Amino acid sequence: MPGTVHVVDDDASFRAAVERRLKKAGYSVATYPSARQLLDRLPDESLPGCLLLDVRIPDLNGPELQDRLSKLGSILPIVFLTGYADVPTAVQAIKAGAEDFLTKPVSSEKLLHAVEQAMARHEASRELKQKTNELGELLATLTPRERQVFDRVVQGKINKEIGRELGATERTIKAHRHQVMEKMKVRSLAELVSIAERAGMLRGGENKPISG
Amino acid sequence: MVLRGLIVGLFALLAPADLPAEEVRPRSILLLHQSELRGPFYYQIFDAFRAEVEAKPEPPTTIYAESFDLSRFGGDSYDASLRQFLREKYRDKPIDVIVAVGSATLERVLDWRTELWPGIPVVFTLVERADFERLKPSPDVTGSIVQIRLADAITAARAVVPGLNTIALVGGSWDRQVVFQNWKDEIQTAAAGLSVIDIVGLTMDETRNRVAALPDHSAIVYSAIYKDSEGIFYPPVTALSLIAAKANRPIVVASETFLTAGGIGGYVLLPNVLGADAARLALRVLNGEPSSRIPSKLTEAIRPIFNWKQMQRWGVQESDLPQGSEVRFRDATFWEAYLWQALTIAAIILIQTGLISILLHERKKRNDAELEAHQRLSELAHVGRRATAGELSSSIAHELNQPLGAILTNAETAELILKSPSPDLTELKDIVADIRRDDQRASEVIHRMRSFLKRTPFELKDVDLNDIMREAFDFLAVRATSSNVALYFEAFPEALPIKGDAVQLQQVILNLVVNSIEAMSGMPYGRAVVGRTELNGGSSAIVSISDFGPGIPSKRSIDVFDPFFTTKEQGMGIGLSIARTIIQAHKGQIWAENQVEGGAVFRLSLPLALH
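Residue numbers (my numbering), protein chains in the order written: chain A, 1 to 212; chain B, 213 to 823.
Isolated chain A (complex conformation):
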């Protein structure tokens, strides 16, 4: 599962060494000597990839860059790699969602493992995001009435009950329900519930549409 590793480190020597090693492992590598340079040309997140970030880099330090990227909606997993790991920094980074926190010198085994994990995470996140996006698109085809019916169906309500709530006959509800199944491209109720769960519609009980 190859992908691109984005290395941000002010140490040219280390950048070169890591680039060489990662390329041998089959990854493509992009290097940035400072946080600013990464921000200037943000990686394409649709392609598989991850960030290998030094804690101490010019302009912004590693955790600051992590924060900035998160605010920009980046889902690129971040592996921190630092010359000196002090506990507060490590805790802060992990809490903020870092994939791993490594210290130099790091063995290739550990490094590759962390990168592989990060890549997998990214892949998963990307797929999830993809599916969520697709769901969002399907959900958007539903009429408001069909959406109301959908919400109530996945909550386990029977047609009669839904009809009473929405002030419609059982037959009308049944027609809407059929329409929803058609539009959402599912054949069973179980599949519909699964979609609803993935779209996060079941959490909190609130009926929020999922944004693309």
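No lab work stands behind these hints: they were computed from the structure.
This one's a predicted model, so the numbers in the text were calculated from it and none came from an experiment.
Yeah, the Cβ is synthetic: ideal placement off N, Cα and C, and Gly gets one too.
The reader is advised that the hints may include incorrect statements.
Label pairs and their in silico Cβ distance ranges [unchecked claim]: (1) B:E574 <-> A:D59: 53 to 61 Å; (2) A:A30 <-> B:L640: 23 to 31 Å; (3) A:A30 <-> B:H659: 32 to 40 Å; (4) A:K129 <-> B:G734: 55 to 63 Å; (5) A:L39 <-> B:D642: 27 to 35 Å; (6) B:G734 <-> A:L166: 56 to 64 Å; (7) A:D59 <-> B:W803: 42 to 50 Å; (8) A:L39 <-> B:D679: 26 to 34 Å; (9) B:R667 <-> A:S125: 54 to 62 Å.
With a straight-line Cα cutoff of 25 Å, these simulated BS3-like cross-link-like pairs (lysine-lysine) come out [what the hints assert, rightly or not]: (10) B:K577 <-> B:K799; (11) A:K71 <-> A:K131; (12) A:K157 <-> A:K185; (13) A:K24 <-> B:K396; (14) A:K24 <-> B:K711; (15) B:K509 <-> B:K396; (16) B:K576 <-> B:K673; (17) B:K799 <-> A:K23; (18) B:K509 <-> A:K23; (19) A:K183 <-> A:K129; (20) B:K711 <-> B:K576; (21) A:K95 <-> A:K71; (22) A:K110 <-> B:K631; (23) A:K110 <-> A:K24; (24) A:K174 <-> A:K129.
Once you have looked at the hints, place chain B on chain A.
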């Protein structure tokens, strides 16, 4: 009974011992002079006599003195009037001893003695031997007999004139001489083999003319002139001066007083010895020794004495003089003339030398003390650096792990390449070169750490303050990051050359920055430390380290630079104290203040190195 006896005894003890003795009367001496006392010769006799008598103040002795002035006055009526005068004058003055100076005086004393001073002992001096034999005084008349020999004068003349063949006798007529009368009779024997030019009893003018035209190999022998043939009186010394002014030959003299008047010297009569001898004789008689028991004898007051200046004039060497001769009026040698000045100068030089060596010693002591102080400072600074090193462990680890990380990754990559069926040698070469470079980097870090931690002697070198600051700030970057503190360095755009010990100066900067970082640990945001270098006029550079923390406690009594002042729970409080010591050793200053907008600023000024 016993009491009365005691009282009597007490009175006896208290009563003066000599109360019943006779009435105390000063003893008295009547000193009679032949010539008047104003002449130097007779004055010296009198002076020495008086000094000798006064040297023994107890019992008191009165000296009466009379001058008969017989070289200018004489005749029966003068004698009679003198006799009358003495009788009247000393009618009520008891005299214990008579001292007669000169043959003519002695002659009159002997004549008048039975009438004027019956039974009073007589002491005489300056009586010529022939006169003594002629006068035949009674045994209770005692004194010094003078015999001045022409032979001695000729001996002296031979000494001062090599190849002497002529002597010129200069003096007053023989019958007026006091002590030289015998020369007239001595000429035949003493001057045997010599031509004798007789310049005796002439007028002063004639005499002076004659002495100006004397032949070679001749010497003048001067007796004494009291009155020349024209009847003009001269003190003999004055007469000699007049003659000496014209004389073309050296003048041998026979009186000490003539030595300064132009005489070259000779066997001279010493008037002060005559006076002192006479005084001693008189005192013996006064003390009760019968004068008849003291025999008269020839005086020893004649000695060969020469005038050095005259010797120079006539080319006479000291070795030419008769044995035992004394040379007077020698020009003072340097040491004689300038002894005090020389001693003073020597003393000043000695004192100066002493002072200089004391100052040098002090200087050495101060240098030693400075050296020791620097050594102490080095040790103290070393302790401080070890403490700082703990603070900087994160920086050190980071600096070291950076190259180590690269090396490890490169090495593993290389292994991987080697395992492949056809290893890419070019890439391997690159890797090995990188490893080597990173290895050097790592060892540089260690070297830097070691030199920072090493106990190094204090050493001032030419350094750029900007470089020192920059290096220190690089070093601190990790430490700042881990405390979430932003670190800024604003360097003065030009080099700031100073003389400094780079390690110790960096230690100061590290210390100040770490303090600032720690001071802000309680702040939620806005943590930053700003370092700045500036030029202060043309002579010094200023480093400032400012933070945005709570500032320095405002109590005035607190000096943050005092040893053991600390606000930290785990601090010893020696960092700033060491910093101040280091800066002072650089002849700089360090001070702290609070900024108006909050936070503390530490400043240090260091003198710029002059080129």
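**Prompt:** Holds or violated: K24 (chain A) with K711 (chain B), Cα cutoff 25 Å?
**Reply:** Roughly 52 Å between the alpha carbons, so the hint for K24 (chain A) and K711 (chain B) is violated.
**Hint consistency between K174 (chain A) and K129 (chain A) [alpha-carbon to alpha-carbon, up to 25 Å]** = violated (31 Å)
**Satisfaction of hint between K185 (chain A) and K157 (chain A), Cα-Cα up to 25 Å** = Satisfied, since the Cα-Cα distance of roughly 20 Å is no more than 25 Å.
**Request:** Quickly compare the C-alpha distance for K183 (chain A) and K129 (chain A) to 25 Å and report which way the hint goes.
**Result:** Cα-Cα ~20 Å, so holds.
**Request:** Given the hint of 53 to 61 Å, check if E574 (chain B) and D59 (chain A) actually sit that far apart at their C-beta atoms.
**Result:** The hint (53 to 61 Å, Cβ to Cβ) holds, given that E574 (chain B) and D59 (chain A) are roughly 60 Å apart.
**Message:** Next pair to validate is K509 (chain B) with K23 (chain A); report whether the Cα-Cα distance is within 25 Å.
**Reply:** The hint is violated at about 144 Å.
**Message:** Between the beta carbons of A30 (chain A) and L640 (chain B), is the distance compatible with 23 to 31 Å?
**Reply:** With Cβ atoms ~24 Å apart, the hint holds.
**Item:** Restraint status (C-alpha distance of K110 (chain A) to K631 (chain B) at most 25 Å)
**Value:** Measuring from Cα to Cα gives roughly 20 Å; hence the hint holds.
**Prompt:** Is K577 (chain B) close enough to K799 (chain B), meaning Cα to Cα at most 25 Å?
**Reply:** holds (20 Å)
**Request:** Determine whether the Cβ-Cβ distance between K129 (chain A) and G734 (chain B) falls within the hinted range of 55 to 63 Å.
**Result:** violated (42 Å)
**Message:** For a C-alpha distance cap of 25 Å, please report whether K799 (chain B) and K23 (chain A) respect it.
**Reply:** Violated: K799 (chain B) and K23 (chain A) sit about 57 Å apart, past 25 Å.
**Message:** Run the distance test for K110 (chain A) versus K24 (chain A): straight-line Cα separation, threshold 25 Å.
**Reply:** holds (15 Å)
Against the hints set out earlier in the document, violations occur for numbers 4, 7, 13, 14, 17, 18, 24.
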